[in-house]
Structures are given as C-alpha cells and as structure tokens.
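Engineer: One letter stands for each residue in the lines below.
There are 2 protein chains.
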Amino acid sequence: MFCLMLLACVLFKLGVSLMEERLISKAVIGRLPVYLRYLGELKDEGVEKISSKELSDLMHVTASQIRQDLNNFGGFGQQGYGYNVINLYNEIGRILGLDRRYNMILIGAGNLGSALSGYQSFENRGFSFKAIFDSNSKLVGGSIRNIPIMDINVMPAFLENNKIDIAVIAIPKTAAVSVAETLVKCGIRAIWNFSHVDLNVPEDVVVENVHLSESLMRLSYNFNERMKERSSYEGHKS
Amino acid sequence: MFCLMLLACVLFKLGVSLMEERLISKAVIGRLPVYLRYLGELKDEGVEKISSKELSDLMHVTASQIRQDLNNFGGFGQQGYGYNVINLYNEIGRILGLDRRYNMILIGAGNLGSALSGYQSFENRGFSFKAIFDSNSKLVGGSIRNIPIMDINVMPAFLENNKIDIAVIAIPKTAAVSVAETLVKCGIRAIWNFSHVDLNVPEDVVVENVHLSESLMRLSYNFNERMKERSSYEGHKS
Chain W
1 MFCLMLLACV
11 LFKLGVSLME
21 ERLISKAVIG
31 RLPVYLRYLG
41 ELKDEGVEKI
51 SSKELSDLMH
61 VTASQIRQDL
71 NNFGGFGQQG
81 YGYNVINLYN
91 EIGRILGLDR
101 RYNMILIGAG
111 NLGSALSGYQ
121 SFENRGFSFK
131 AIFDSNSKLV
141 GGSIRNIPIM
151 DINVMPAFLE
161 NNKIDIAVIA
171 IPKTAAVSVA
181 ETLVKCGIRA
191 IWNFSHVDLN
201 VPEDVVVENV
211 HLSESLMRLS
221 YNFNERMKER
231 SSYEGHKS
Chain X
239 MFCLMLLACV
249 LFKLGVSLME
259 ERLISKAVIG
269 RLPVYLRYLG
279 ELKDEGVEKI
289 SSKELSDLMH
299 VTASQIRQDL
309 NNFGGFGQQG
319 YGYNVINLYN
329 EIGRILGLDR
339 RYNMILIGAG
349 NLGSALSGYQ
359 SFENRGFSFK
369 AIFDSNSKLV
379 GGSIRNIPIM
389 DINVMPAFLE
399 NNKIDIAVIA
409 IPKTAAVSVA
419 ETLVKCGIRA
429 IWNFSHVDLN
439 VPEDVVVENV
449 HLSESLMRLS
459 YNFNERMKER
469 SSYEGHKS
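Sequence lines, in order, name chains W and X.
Under this note's numbering, the first residue of the first sequence carries the number 1, and numbering increases by one thereafter.
Under this note's numbering, the first residue of the second sequence carries the number 239, and numbering increases by one thereafter.
I should point out that these hints are in silico values taken from the structure, not numbers from a laboratory.
Errors might be hidden in some of the hints.
[Claimed, not checked] Lysine-lysine pairs mimicking DSBU-like chemistry, simulated, CA-CA at most 30 Å apart:
no., chain 1, residue 1, chain 2, residue 2
1, X, Lys423, X, Lys411
2, W, Lys26, W, Lys173
3, W, Lys26, W, Lys43
4, X, Lys411, W, Lys130
5, X, Lys423, X, Lys466
6, W, Lys49, X, Lys401
7, X, Lys376, X, Lys401
8, X, Lys291, W, Lys228
9, W, Lys185, W, Lys130
10, W, Lys53, W, Lys26
11, X, Lys368, W, Lys53
12, W, Lys49, W, Lys26
13, X, Lys368, W, Lys173
14, W, Lys173, W, Lys138
15, X, Lys281, X, Lys291
16, W, Lys173, X, Lys291
17, X, Lys466, W, Lys163
18, X, Lys264, W, Lys26
19, W, Lys26, X, Lys291
20, W, Lys173, W, Lys228
21, W, Lys138, X, Lys376
22, X, Lys466, W, Lys185
23, X, Lys264, W, Lys173
24, W, Lys26, X, Lys466
25, X, Lys423, W, Lys49
26, X, Lys264, X, Lys376
27, X, Lys376, W, Lys228
28, X, Lys466, W, Lys228
29, W, Lys43, X, Lys376
30, X, Lys423, W, Lys173
31, X, Lys411, W, Lys26
32, X, Lys291, W, Lys130
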C-alpha cells in the first residue's frame, strides 16, 4: 500500500514537472541564451560557483526572477551554495538543444548571407553551414569560408541527398515565400527567416523571424518616447 | 459649476489617456510594426478600408487582440465601418516615430555593416546613414552606397559637427563596449546594437539589441521541442 502511494506520488511529480516543462513561457526561453552568455563568460574566467544574487547583479535582473526562471527546469541551485557555473552552463545548453550539431543551408549569398555564413561563433556552437544557394550566376560556383555557393535550382536535389536541419533565408521578400514552400516540400522543419515577410508554412515547421526593420522601428518608438519624457521634464523644471 | 465639472472630466480623461499611452506594453509596441507592414501592403493594393475581422484573418491573430492593441492609442476604428487603411497606416507610423527623419551612423564596415547600410528600405522609411566608421585602414576612404567610410578615430569630431540621432554598432563584441561609451560621451541617445554583448550605457540612452546567436538558439530550442512532441506522438501511435 505504501509502495503504491509512493509510486503515485512519483508519477504525479513527474507529470507536473513534464507539464511545467511544456508550459514554459516564450519570455523564459528568450532569457535562457542570455543566462548562457553570462555563464559562458564566468566559465571562461574560471569562476566555479555563483549565487543568484551575484548573477542578478551581473545581469541587471532580480535574483527572484533568476530563481523563478531556473525553477522551470528543476532549479539546479543548492540552498546556501548557489549555482555550479559549469553544470548550469551545460544544463542550459542542453535545454536549448546545444548538445548536438545542426546542419544548415543558407539561401542568399548577398551581404547579409555573407555575414551570417562568416560567423565562426555559430560553427563553434554546433551550427554548421553545408551549402549556400543563390540565383545569381555570378556568385554560383564560388564559395564563402569554404562553403560552396550553388544554383538555387539544385537545392531540392541537394536536400534529398543531405540531411539538413535548418534553412536560413536571407533573400528579398519577393522570392522568400516560394523558397520557403520549396524547403518545406523538401522536408525542412526549421527556418531562420531574415526576409521581411511572414512565411506561409505548415504548423509543424518552426520559424524564427529576424525582421530588422521592425527592430529599428521599436528603437525609433522608444527613442521618441524618451525624448518626449525629457522635454516634458525640462518643461516642468523651467 | 457645470463648467468646472466638465473641465474636471476632460482633465481626468486626458490624464487617463496619457497614463494609458505610458503603460503600453512591450508586446503591443512589438506588434505595431507588424500592423504597419500589413497595412502598407493593403495600401499598395489600393484597399481603402478593412474590418478587424479581415485584418485578423490576414495576420493570423484574433480580431479582439487587434481591437485591444489599437484601443491603446485611441482606437481609430468606426463601429460598422472598420478601419480606414491609409489613416491607420499613417497613425501607426506616427506612433512609431516614422513621421520624421533620422540621421544615423554605422560603426563597422564588415559584411553585416555592408548589409545594413545597403538596405534601401531603411532610407525609404526615413533612416539615413550619414557616415560609416571602421578601424580597418584598407576600408577607410572607401564608401558603401555613396556613404563614406571614415576612420573610427574621427568619429567624435564628426559627431560634434553633425546632428546624428542613431548609432548602429556592427563590430565584434570586444570593441563594442568602449565604442558605445564614446558614442554616449559624444551625445548619442539611441543605439542599435548588433554586437553580442550588453552595452553599459546610462538609463536615458535607448538601446535596441539584435543578438543573432540568441535568435538561433531560440530556433534550436523550438525545433527540438517540436521533434520531441513528434516522436512522442509517433510513439503513442505505434
């Protein structure tokens, strides 16, 4: 009887923690890479442990926010000790899916594509470009950082013969929608989209958009709000 | 007496609406550029009016979300008519600060900097690059799209002699922090930061970060979650 109750308790706890992992908010997921960045710096500096208070001073967020965020995944901290930097770094990396490698292709060998395929830090993190596709015949046949630039027309054949996890779209928006459709038809289930358009893809395809002009507009909005505040403050003073 | 009551009412309403405008959430601000994009497309297609239902079908968000978002700024819609596309487009543009022009400088003439300074759409929206700064003597003296590339050392003098609103940082993170400090000393109050580091700037400086590797990690997280869901679904089926 006791064993049955114990089993029920364990199963209940497991169920709750699984459900918790499912309900983690976008905001928490968005903060995990930030934790990883700071923990990586601490790790490189040889710091072995850190309290949530110290981490909070460093990251300019509250200690309770940090504890809440990390509790979503089981906590990782020990009362009175704090967090073991390397363990926490590895655990967050694992949660983010950085404990494996990803094969990527890039569509668009323009300036943005060149910038993206040139980042050594992506490669170091496990994100590896295997091919670049472009429709510009002047670029096809060349390469960026030893990654071959191929004709966009051979992309379906390439995807059939190579296991690719992520496609990166860095082309003007007029072509992006149809390229995304081709990618999905060829089995791609993760797209990093830099084109300023919403891609029309099935629900099981994960899309991460980087809409630069929207980011710039948020900046102009916040800049103007701050200017209004300042002029109203200066108005009150005089 | 009646006049006094009326005045009190008007002042109260004004106060509430000012307070509302102040309390607008980041999420709403983040959606405004998306509204602007869709309204811009409708405008270009010659559509004159649109209901929140039609807009919601187009944008894949609920009609009540749209009404709620726009009510933050006074609504703009008319019962039974919907929204006038051009009016709403102009109003959202005004809220985002797009009814004026911004002078910008770019720090970093690498691939990412070249991509950013090459976007005609920024210029069309009122964001105009006036100069590019780099420490690479091979690039200094050249230009990108007729924007001169100057030595980073002359940046303070340039800022003293030119009214610049926004600085764009597209250099490796090792140099970004000190460049940001120089920018702030020279009076810059808005920074668009592409370096993978948090800039240490005073509170009255607005920073909009674009941390590409964090975006890529969100993609790998969501991709892995979706894969887990699929394999658990397929496990249940078999």
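Engineer: Under the criterion that the straight-line Cα-Cα distance not exceed 30 Å, is the pair Lys423/X, Lys466/X satisfied?
Structural biologist: violated (50 Å)
Engineer: Hinted pair, alpha-carbon criterion (30 Å max): Lys368/X, Lys53/W. Please report holds or violated.
Structural biologist: violated (43 Å)
Engineer: CA of Lys26/W to CA of Lys173/W, is that 30 Å or under?
Structural biologist: Holds, at about 26 Å.
Engineer: Is it true that the CA of Lys185/W sits at most 30 Å from the CA of Lys130/W?
Structural biologist: holds (19 Å)
Engineer: For the pair we were handed, Lys173/W and Lys291/X, check the Cα-Cα distance against 30 Å.
Structural biologist: At roughly 25 Å apart (the allowed maximum being 30 Å), Lys291/X and Lys173/W satisfy the hint.
Engineer: Sort out whether Lys26/W lies within 30 Å of Lys411/X, counting only the CA atoms.
Structural biologist: Given pair Lys411/X, Lys26/W holds - Cα atoms ~26 Å apart, limit 30 Å.
Engineer: Taking only the CA atoms, is the gap from Lys368/X to Lys173/W under or equal to 30 Å?
Structural biologist: holds (26 Å)
Engineer: Given the proposed pairing of Lys264/X with Lys26/W, does the C-alpha separation stay at or below 30 Å?
Structural biologist: With Cα atoms ~14 Å apart, Lys264/X and Lys26/W stay inside 30 Å; holds.
Engineer: Are Lys281/X and Lys291/X close enough, with their CA atoms no more than 30 Å apart?
Structural biologist: At roughly 17 Å apart (the allowed maximum being 30 Å), Lys291/X and Lys281/X satisfy the hint.
Engineer: Are the Cα atoms of Lys138/W and Lys376/X separated by 30 Å or less?
Structural biologist: holds (25 Å)
Engineer: Mind checking the alpha carbons of Lys376/X and Lys228/W for me, to see if they're no more than 30 Å apart?
Structural biologist: Given that 30 Å is the threshold and the Cα spacing comes to 42 Å, the pair is violated.
Engineer: Between Lys26/W and Lys291/X, is the straight-line Cα distance small enough, at 30 Å or below?
Structural biologist: Roughly 26 Å separates the two Cα atoms, so the pair holds.
Figure legend: structure checked against the earlier numbered hints; hints not met, in rising order: 5, 6, 8, 11, 20, 25, 26, 27, 28, 29, 30 and 32.
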